[in-house]
Amino acid sequence: MTVEINLPATEQDVRSFSEANGEPTWFTALREAALDKAAGLDMPKPDKTNITKWDFMNFPEHTVVSDTFASLDALPEEAKGLIDLEAQENLYIQRNNTPAFIKVSQELADKGVIFTDMLTAVREHSELVEKYFMTQAVKVDEHKLTALHAALVNGGVFVYVPKNVIVEQPLQVVFLNDNAEASLFNHVLVVAEANSAVTYVETYISTVEEAKGQANIIAEVIAGDNAQVTYGAVDVLAKGYTTYVNRRARLARDAKIDWALGLMNDSDTISENISHLIGDGSQADTKTVVVGRGTQKQNFTTEVRHWGKNTNGHILKHGVMKEAAQSIFNGIGKIEKGATKADAQQESRVLMLSEKARGDANPILLIDEDDVTAGHAASVGRVDPLQLYYLMSRGISKTEAERLVIHGFLAPVVTQLPIEGVKKQLTEVIERKVR
Amino acid sequence: MSTLVIKDLHVAIDGKEILKGVNLTINTNEIHAIMGPNGTGKSTLASAIMGHPKYEVTSGSVELDGEDVLEMEVDERAQAGLFLAMQYPSEIAGVTNADFLRSAINSRREEGDEISLMKFIRELDKNMEFLEMDEDMAQRYLNEGFSGGEKKRNEILQLMMIKPTIAILDEIDSGLDIDALKVVSKGINKMRGEGFGCLMITHYQRLLNYITPDHVHVMMQGRVVKSGGPELAQRLEAEGYDWIKKELGIEDETEVQEA
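Each protein sequence line maps, in turn, to chains A and B.
Letter 379 of the first sequence, counting from 1, is numbered 379 in full-length UniProt numbering, and no numbers are missing.
Letter 108 of the second sequence, counting from 1, is numbered 108 in full-length UniProt numbering, and no numbers are missing.
No wet-lab data here; the hints were simulated from the structure.
C-beta: ideal position from N, C-alpha, C; glycine also.
Don't take each hint at face value.
[Claimed, not checked] Not the full set, but computed from the structure, chain A residues with beta-carbon under 7 Å of chain B:
#1 F17
#2 S393
#3 I396
#4 F409
#5 A411
#6 Q416
#7 P418
#8 G421
#9 V429
#10 R432
[To be verified] No more than 16 Å apart at the CA atoms, straight line, and that leaves these computed lysine to aspartate or glutamate pairs for EDC-like:
#11 K103(A) with E86(A)
#12 K54(B) with D384(A)
#13 K398(A) with E76(B)
#14 K398(A) with E73(B)
#15 K212(A) with E181(A)
#16 K424(A) with E77(A)
#17 K182(B) with E150(B)
#18 K16(B) with E73(B)
#19 K239(A) with E181(A)
Let the hints inform the model, and build the full structure from the sequences given.
As structure tokens, then:
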């Protein structure tokens, strides 16, 4: 039975937003159709987390207007610290829903790389966006939230890397949230054509104490034959949001994706990260670290789905839970029939820092092919007293020893992030959250 | 001069008494060796002095220069000058050897008086070269994926960097090939001197060919049953432990398993 939920926007709202944005007719139509579908679709069902009482619908404003940044000097300190102000050549900053700063190097433009905000992309690169926008990785009608997302998209980034182009410097994106009324329906679309390579790093950062809106975020990565994509993300959204974040990749032959996700939201969060290894020889390396605190409820699903032969999937998830935070860690390795010689490996570990915290590591292997290798390791526990004893026996205090062990536990993602500022910020966020 | 005094120490693990009254005094500028068959409590003694969470001291005392060691937390014991090179060092992922060593050194120094990065690196490089360790060991995660020999060298590296007053080395020689044993011994001999005392626990006389002890003690059934000079170790090597048992009238009992 479908429970009737009133949608937070009408067809009229969607149409006038789309028109005001000067969108091509196909996109307006896509939004309208999506809204129509949203009414009848069910909510997603994250395994082992009941979200029926979560509010994914209500928000004060669909779009808030913020000032742009004339120069990087005008950035708040929290954002400044993330960026190498001198060396970072390719940078997009979105402030709430407003594209607030963009810098693209001449070199990138000359190579035909597109790096722009999503709403501009819909207008200026309409055909390319139409080809990939929610057609291959995430579908509009998967459930109510994907449909709602498509109807209400109000920000995000489009990255297009043509065939054979190697983008040397990471593309950096900062989603700055400094307005408590703002809702984020961001869509990130990264298309890497055959033999290309790109590194994309995004940071979500709230400077407000408590937000009132929705964060319904979808990122799609489409990697062509032999393309290599590194996707780094650090999410630090304020409590008050109800966050649904879906990051998904679809990989062609011999393509490779490396995910490094630092999921540090203070909001209740449903995070889904799926890599579809369609082409033979494609690979996904997924690293996720999480800190939960307060009374936060979160669900993290990481899945690598093997369709092609000789595909290789590796999932690493490390979570730290403190106070009364609750988290479910679903790790899924799925090997489809015909994906011979596939290798699905995963490791999920949860450290509990308090009696009241809850963390469940849920490793799942679903295998429909005989000629494969697969493995998983999962553990939930406290900081190992023997590790503490060892560190303390060298004079290190108990607090510092715990800090070292926890940072070490979360290091796999920190060390993977290719931008110094983002790495440093994630370390600081971890420091602040586990203290 | 510093002195570690162990008096009538009784220690239990999971309610079972393993040490049954150990007495020992170790001064700086002295190297002591404790020998004895398996399962006689040698490692228990080391762990109890350092404050291993599984060992319970039921009676007796341990004092360092008159300070009650047993009252101290593990980190306080280390800061007071004790060091234990462990038989099975923990592996700690994500923490580099270098970062860990710096934290350990700085834990002994006042805030604002931390060791400078340059000085630290200089000392680390020097000691690693002395111990014939690969350069990349500094940036590897603490003991993670280290071979048995690498772990032992790393314990000695820590010893040389931290420079404790009294070090206890728990079977630092076990599992080492002869080349590694020579290197490890070289490190310990370098520490030898006025400000350094050492208690080495070993099964094998072999280690004592490279580090000549000032005092040798034999432990059996949870007690120190005989003490002497280096010649005692040589006699043990030549004749085994049976003569001591006979001399002291010690009956074999069911072996206690060392943890």
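* **Earlier hints that do not hold, by number** => 1, 6, 7, 8, 9, 10, 18
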